[in-house]
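Take a look at the letters that make up each chain.
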Amino acid sequence: MKPTSPIDRRSFLKAAGLTGTGLFLGFSASANGALTNLSHDPKAVLSFELHPFIVIDNAGTITLINHRPDMGQGSWQAVPTMIAEELEVSLDQIQIRQSNGLRKYGDQLSGGSSTVRTGWKRLREAGAAAREMFRQAAATRWNASLNECYAEMGTIKHRPTGKVLAYGALVDDAAKLPVPKDLRLKAKKDFKLIGKAIPRPDIPQKVTGKAVFGMDIDVPGMLYASMEHSPVIHGKVVSIDDSQAKKIPGVKAVFKAERPMPHRTSEAVAVVATNYWAALQGRRALKIQWDNAGYDQTMTTERYYKELREKAGQPVAPYNTIGDFTATYEAAPKKLEGLYETPFLAHAPMEPEVAVAHVKDDGSCEVWAPVQGPDGTIEQVAGYLKIPAEQVKINVPFLGGGFGRKAYLDFVLEAVTLSKQVKAPVKLVWTREDDITQGPYRPGMLSAMRGAVDAQGNLVAFEHKLIGESIQRQVFRAPLGEKADDWAGEAINQEESPYAFPNATIGWRNVQTDIPIVWWRSVYPSSSSFGHESFIDELAHAAGKDPLSFRLALLEKKEDEVAKRFVTVLKTLREKARWDQPLPAGAGKGVAIARSFGSICAHAFFVSKNGNGVKINRVVSVLDCGIYVNPDNVRAQTEGNIVYGLTAAIKNGITITNGRADQTNFHNYPVLRMDEMPVSIDMHIIENEEAPGGVGEPGLPPVAPALCNAIFSATGKRIRKLPFDLNAV
Amino acid sequence: MASISLTVNGKKHTLETDPQMPLLWAVRDVIGLKGTKFGCGMAQCGACTVHLDGRPIRSCVTPVSAVANKKIITIEGIGTEANLHPVQKAWIDEQVPQCGYCQSGQIMAAVALLKDKPNPTDADIDTAMRGHICRCGTYNRIRKAIHTAAAMTKETASTGK
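First to last, the protein sequences are chains A and B. Following the UniProt record's numbering, the numbering of the first sequence begins with 1 at its first residue and continues without gaps. Following the UniProt record's numbering, the numbering of the second sequence begins with 1 at its first residue and continues without gaps.
FYI, nobody ran anything at the bench for these hints, they're computed from the structure. Misleading hints may appear alongside valid ones.
[Claimed, not checked] Keeping only pairs whose Cα atoms sit at most 27 Å apart, straight-line, the calculated DSSO-like set for lysine-lysine is: (1) A:K210 x B:K71; (2) A:K210 x B:K144; (3) A:K210 x B:K11; (4) A:K615 x B:K144; (5) B:K115 x A:K210; (6) B:K144 x A:K576; (7) B:K11 x A:K192; (8) A:K210 x B:K12; (9) B:K89 x A:K196; (10) B:K89 x A:K210; (11) B:K71 x B:K115; (12) A:K334 x A:K545; (13) A:K335 x A:K545; (14) A:K196 x B:K144; (15) A:K360 x A:K334; (16) B:K70 x A:K210; (17) A:K423 x A:K287; (18) A:K256 x A:K420.
[Stated by the list, open to error] Here are some chain B residues pointing at chain A (derived, C-beta under 10 Å): (19) M1; (20) H85; (21) Y139; (22) R143.
C-beta: ideal position from N, C-alpha, C; glycine also.
Generate the whole structure from the sequences, applying the supplied hints.
Set out below in C-alpha cells:
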C-alpha cells in the first residue's frame, strides 16, 4: 500500500448529514483537542477531513479513502474513482488509503459484489459536496460570483480572469463552510473517469514485489506461529507430547489453543517461535492424541449427499409457486427429470490465511490482517476479547485473493488468542494444507429438477428444488425453521430468473451438516445455476428447439424490466458469438445465463471432441452490469470468473471421508493452469444507463452450465454431476 | 545452526540459521525481502520462484544450505517502478495482476523464459508457465504480456534504445 502520511493533527469533521446514507459524520474529540495546540505554528501542514472519505491538507495532498479491502477485484481504484469524478481531480493527483474499520466509513465488507453498487450515489455525492465547498471558498476569496468559478484538476478556476487556486490553498476556508445539499451529479455522458479504462494504481507495486499483503506484515518484537488443527474437524485434544517440538531451536512455546469459528470453537495446538520455519518444524514434531468426538463416523460428504438425494422427492419451502406444477407435470406428454450435484469447494486464495495480532498490556488489541471487512473484524475481535470496540485497531493491507474466505475470521481470532497467551505480537500463518483441509467450504448442493413440454414443444411445467446446507443457518445460527433461505434463492427465483413458466415450483430444502461452510465466489448461484440452466437446456432439446431461441421465447413473454435485459443480453450473445453459424462435425455449443448480485451474465461455450473428452475452443461472454467504472476491470473480473468457474466444474472438489478432507494441497486439489485455458475468451459489456450491478461474481454462475450444455451438443452426453473430467466425458 | 553466505540481488548476506530452512523463509523473514511469496510449500504453485544463477527455482523447497555461496535474484532484483524490466512493463501495459499475490513468481518465470526464448510460441509459454497458479485467473493476460515483452525486447534490440 502506498502510505499516505498527511499529518493528521487537525480535522474538521462536519456534523451534518452529507450524504444521508450511512456515512457517519461527527466531531472527533482527539482531533479537536489538537486544534488549539497547532494554531501557533503557521507552517504546519494541516490535514482537513472534509468528509470521512476525503482528506486534503494545506500542502495540497489529496487522500481518498477506499473503504472496501482490495482482494483483486479493483475496489482500490473503483472507490476513489467515484469520488474523484465529482471532486474534479485526476487519479494521478490522489493518494489512496484503506479504511481502518471506523464506523464513519460505513459498511466496509468486500462481499456480494457490492462496492460500486452501494457506493455509487453516496461516494459521488461526497466528491460533489467537497467540490462545491471549494467553489464557494474561491468565490468568497475572489469576491466573485459562484457561477464564474468552476472546478478542474484539483483547482478552482475563475472563468473571466483566469485566476486559479489549488484545493490545498482553499481547504482551510472550505472546511469552515456548511456542507451543501441538493447536489446535482453528472450525467453518464459527462464522466471523465468513470467508464474509462484507466490503468489501475495498484498494479505497478504488484509487479515489483513492493505491494504489501497480509503475509508481508512485520511488527517489532513479533513472534511466529503455526497451529495444528484437528485433522477431523471439531476433534478435541486428548494429550500433547511436545518434547521433540521444544528441542527445535527458536521454539518458544507450545500450548493448547482454539479455533474460534463464528458458530462454534474447536480445539488446536499452537507452536510459537522466533521464526516461522521453527514454528513449522515444531508443529511437525508434535505428537498429539485427538478425540474425534464421533465426527469421524458422522461427518462425511458421502453421507451428506445421500441425505440430499433422499430429500429430493420431498416438498420444499417455495420461493415461487406458479400455477399448478404437479397437475400439469403429471398430465404432460413429455416429462423430464434430473438430479444435479455440485461439490464442496475450498476457496484456496493464493495467499493462505494469515494474521498478525498484538494484545497489549493495557488490554487493547491491534490487528494487521488481510480481511474482507475491517469493521466486522473490529466487532469480532472486541466481542472475542470482551473489550470495547474503541480498543481494537485494525490495519488492512492488500489481500492475496479472498473469494469469500477472508470474511470468515477464525484465523484472525486465532492470532488474537495466541498473542494474548504469549504477551507479544504474533503472526499466525496457515499452511496450504490448513487452508484446504480445514474449511470452511462452499457447500455441496443438489438441484432436483423436473419439467415437461407439451406436444407443440412449449414448456408447460418447471420445478427446481435446491437442497443443501444453509450458510445463514450454520454460520449465523439464523432461525430459518421451515422457511426458504432467502440467500439461496438468488439466481433461480422468478425475480432473478424471469422465465415465463406457466406452472412452476422453485424452492429450498435444508439438509444440515457439521462440515464447516461459508460463502464462496458467487455463493449459492455458483451451484444452483448449474441445475437451473442445464435443465432449461434439457427441456429445449426435448422440445426440439434451439436452446438460445427457447430461452428467448420464455423471456419475451415477460413484461418486466429484468426479463427485457435478459433478452438484450441473449440477443447480443447470439450476434457476438455467431451462435447461428453451423458447426463442424464433433463440435458443440452451449449457452447459459444468470442474474446474480445485480448483474446479468451469459456465456456461450464452443467445444469439440478431443479423444475421449472435449476441448474448449472459444468462450464468448456478455455482461449487463449497468453503468460500470472501469471496463478493463470488468473484463478482468469476468475472465477471472470463467477461470474460477471452470476449476469448480472440472477439477477436484473437497470430499470428506471419516471426518477428514481427502484433499490437502494443489497436487490433489488441482486448479486450472495456463495450458488448460480456453484459447479465446471474448467479452462484451452491454452499454446502458442502468444503476451499477456487481462485477466480481456474476460472471461465474453461468460457466458450468454453458460448458456442460456445449458438451451435450457435441457428444450427446448430459453431465449432471460436478466436477467431471474434461478428458473423459 | 550454521553460518551460510549467499548473494541476493547482488548483495552478500551471511545468515546464522538452520541449514534446512527453505530459501523462501530466509529471503522473506531473515533478509527481509517480502516480494517472494509463500503459496503452497511443496513446489506446486510457483509463487515462491526466484532465480538461482539465472534459472528459476522454487524457493519453498530449496534448503538455504543448497544455495550457499550462490547468486540469487528475487523480484526486487528484476526492476523497480522507476526502472522497470520489459516484462514488468508489459505486465502493466496488459494490466495483468488482480490480487497480485502470484505475480512475482509469474514474472520470475517469464523473465527466465524470455532469456532462453526471446520469441516464445504459445506452446513455449504453456511449458514455462504451467507450474504457476493464479486463482484470480489472469492466465490469458500473462500470455499476452509475455508476447508484448518479447516484442518490446526485440524493438529495443533493433533500435538500440
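(request) Against the earlier hints, flag every one the structure doesn't satisfy and list their numbers going up. (result) 7 and 15
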